[in-house]
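When you get a sec, could you build the whole thing from the sequences and use the hints?
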Amino acid sequence: MRKFGIVLKYELKEYFSSKAFMVMTILFALAGIILLFLPRVIDMSDFTGVEKPGTQQGDDKQEEAPKEEDMPLMLFLDQAGTVEVSVLEQFFPGTKWQEAADVEELIGAVEDQTAEAGFVVKSAAEYDYYVYNKSMTDSNVPIFDEAMRMFYRIDYCAKHGLDLQEVSAMLEMPIQSDVQILNKDTGSNYWYCYFLVIIVFMLITLYGQMIAVSVTNEKSNRAIEVLVTSTSPNSLLFGKVIAGAIGGLFQTGVILGSILLSYQFNRAQWGGMLDMLFHIPANVLITFAFFGLGGYLFYGFLYGAMGALVSKTEDVSKSSSGLMVVVMVVYFFSLIQLTDVEGPVIKVLSFLPISSYSTMFARIAMGTVAPWEVILSFVILVASIFGAGVLGAKLYRMGTLRYGNPIKLRTALKEIRKK
Numbered sequence: 004m005r006k007f008g009i010v011l012k013y014e015l016k017e018y019f020s021s022k023a024f025m026v027m028t029i030l031f032a033l034a035g036i037i038l039l040f041l042p043r044v045i046d047m048s049d050f051t052g053v054e055k056p057g058t059q060q061g062d063d064k065q066e067e068a069p070k071e072e073d074m075p076l077m078l079f080l081d082q083a084g085t086v087e088v089s090v091l092e093q094f095f096p097g098t099k100w101q102e103a104a105d106v107e108e109l110i111g112a113v114e115d116q117t118a119e120a121g122f123v124v125k126s127a128a129e130y131d132y133y134v135y136n137k138s139m140t141d142s143n144v145p146i147f148d149e150a151m152r153m154f155y156r157i158d159y160c161a162k163h164g165l166d167l168q169e170v171s172a173m174l175e176m177p178i179q180s181d182v183q184i185l186n187k188d189t190g191s192n193y194w195y196c197y198f199l200v201i202i203v204f205m206l207i208t209l210y211g212q213m214i215a216v217s218v219t220n221e222k223s224n225r226a227i228e229v230l231v232t233s234t235s236p237n238s239l240l241f242g243k244v245i246a247g248a249i250g251g252l253f254q255t256g257v258i259l260g261s262i263l264l265s266y267q268f269n270r271a272q273w274g275g276m277l278d279m280l281f282h283i284p285a286n287v288l289i290t291f292a293f294f295g296l297g298g299y300l301f302y303g304f305l306y307g308a309m310g311a312l313v314s315k316t317e318d319v320s321k322s323s324s325g326l327m328v329v330v331m332v333v334y335f336f337s338l339i340q341l342t343d344v345e346g347p348v349i350k351v352l353s354f355l356p357i358s359s360y361s362t363m364f365a366r367i368a369m370g371t372v373a374p375w376e377v378i379l380s381f382v383i384l385v386a387s388i389f390g391a392g393v394l395g396a397k398l399y400r401m402g403t404l405r406y407g408n409p410i411k412l413r414t415a416l417k418e419i420r421k422k
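Going by the working numbering, the first residue of the sequence shown is number 4, and it counts up by one from there.
Honestly, the hints are just simulated from the structure, not real lab data.
No residue lacks a Cβ here, since even glycine has one placed at the ideal position from N, Cα and C.
It cannot be assumed that every hint is accurate.
[Unchecked claim] Under the rule of at most 20 Å between Cα atoms (straight-line distance), these lysine to any residue pairs were calculated in the SDA-like manner:
hint: 1; residue 1: Lys315; residue 2: Asn220
hint: 2; residue 1: Lys397; residue 2: Lys421
hint: 3; residue 1: Lys411; residue 2: Asp318
hint: 4; residue 1: Lys99; residue 2: Val123
hint: 5; residue 1: Lys22; residue 2: Gln254
hint: 6; residue 1: Lys16; residue 2: Leu252
hint: 7; residue 1: Lys12; residue 2: Met213
hint: 8; residue 1: Lys321; residue 2: Gln254
hint: 9; residue 1: Lys16; residue 2: Phe253
hint: 10; residue 1: Lys187; residue 2: Ile283
hint: 11; residue 1: Lys187; residue 2: Glu114
hint: 12; residue 1: Lys137; residue 2: Glu114
hint: 13; residue 1: Lys350; residue 2: Phe336
hint: 14; residue 1: Lys187; residue 2: Glu345
[What the hints assert, rightly or not] Each pair of labels, with its calculated beta carbon distance range:
hint: 15; residue 1: Lys137; residue 2: Leu338; range: 30 to 36 Å
hint: 16; residue 1: Leu185; residue 2: Ser126; range: 48 to 54 Å
hint: 17; residue 1: Phe354; residue 2: Ile146; range: 49 to 55 Å
hint: 18; residue 1: Phe198; residue 2: Phe253; range: 15 to 21 Å
hint: 19; residue 1: Asp105; residue 2: Leu338; range: 51 to 57 Å
hint: 20; residue 1: Val385; residue 2: Ile202; range: 20 to 26 Å
hint: 21; residue 1: Phe198; residue 2: Thr371; range: 39 to 45 Å
hint: 22; residue 1: Ile202; residue 2: Ala271; range: 35 to 41 Å
hint: 23; residue 1: Ser171; residue 2: Leu38; range: 40 to 46 Å
hint: 24; residue 1: Leu185; residue 2: Phe268; range: 26 to 32 Å
hint: 25; residue 1: Ser171; residue 2: Ser191; range: 32 to 38 Å
If you want it as structure tokens, here you go:
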């Protein structure tokens, strides 16, 4: 135990004395804090919908109307006799409308780009839209569709002696609804689950690779020969993996904690618009911490063992490629299954140690999970961590003093079985 403590202390010192590690942690935390405090510093009311304290309310702002010569020009040709310019001005505020003499004039103006676009209304329910370059954000067609519906109503009411306001009130009767959520709001919880799945995936791949490279470095410079004579391989592997877990928890805790606390402090200024990402319930965060840490330890032991099977750092990626494939497959399956948290696939994944680290907290956040399911899943994960630790230590012990060509995992497992 004393030797394990020495290894753990040394590995932690390597993490926390690394300038890159500390600078990256501080920079990401500061970036999150600065971004989330922006509504207190600058007026972001157009984006958040919340007025910055000390500024005039929207009704008191003196907005200068755009000059007519600055307005974009739109042309129309009314072949159906139904177009009302006043209606077009309501649907397209800040736009200047002008009627073309014929189709050729309209097309020519659009081609010369003197007009932004043109509409040829051929009948009450048909029109042609002319535009020179149609952008991805062009919304003229759906807006003009609504204008056409209004033209039709005006024309129909005029021909049949009906009151347009009464007809509009009947067709556009406002509906009031009050949604009472008795358990979970899956739609609102989806994005922070997505966010947390990505975080735990990045932690496993980043720190797992670092552990594997660290083990290989010790083999390549022969430091392992001294280490294994002074302490046990178990202490070396467990010390590395647990130190990485502490380092990862520290870095994630500082960055994620800074972001979540900053958002809670400025939530009113943001108008609650980022709740879907940063307003995470405590039970989800606790589950994320336990299962995320468990998943990291499970894969950390296996990554350490993969690093012991090679003698050169350039071979680490090849040695751990199979493990990386498993992590990637679990990652994509977890994201895909977020839309069906009550389905059989994610329920099975939430009990498997290779995937429960991400799928169980997603089920807790977005679905209904019985307490026994959470306990059983965590017990399986903890047992698997010890199993991975024992297997990883055996692979580590067998591979640390073997040099030359990379050892295949199948060969290593056969040798362990013989012993």
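Each hint tested on the structure:
no. : hint                        : in the structure
1   : Lys315 - Asn220             : 7 Å, holds
2   : Lys397 - Lys421             : 12 Å, holds
3   : Lys411 - Asp318             : 12 Å, holds
4   : Lys99 - Val123              : 16 Å, holds
5   : Lys22 - Gln254              : 13 Å, holds
6   : Lys16 - Leu252              : 15 Å, holds
7   : Lys12 - Met213              : 17 Å, holds
8   : Lys321 - Gln254             : 28 Å, violated
9   : Lys16 - Phe253              : 13 Å, holds
10  : Lys187 - Ile283             : 13 Å, holds
11  : Lys187 - Glu114             : 54 Å, violated
12  : Lys137 - Glu114             : 12 Å, holds
13  : Lys350 - Phe336             : 12 Å, holds
14  : Lys187 - Glu345             : 12 Å, holds
15  : Lys137 - Leu338: 30 to 36 Å : 33 Å, holds
16  : Leu185 - Ser126: 48 to 54 Å : 50 Å, holds
17  : Phe354 - Ile146: 49 to 55 Å : 51 Å, holds
18  : Phe198 - Phe253: 15 to 21 Å : 20 Å, holds
19  : Asp105 - Leu338: 51 to 57 Å : 55 Å, holds
20  : Val385 - Ile202: 20 to 26 Å : 21 Å, holds
21  : Phe198 - Thr371: 39 to 45 Å : 22 Å, violated
22  : Ile202 - Ala271: 35 to 41 Å : 26 Å, violated
23  : Ser171 - Leu38: 40 to 46 Å  : 44 Å, holds
24  : Leu185 - Phe268: 26 to 32 Å : 31 Å, holds
25  : Ser171 - Ser191: 32 to 38 Å : 34 Å, holds
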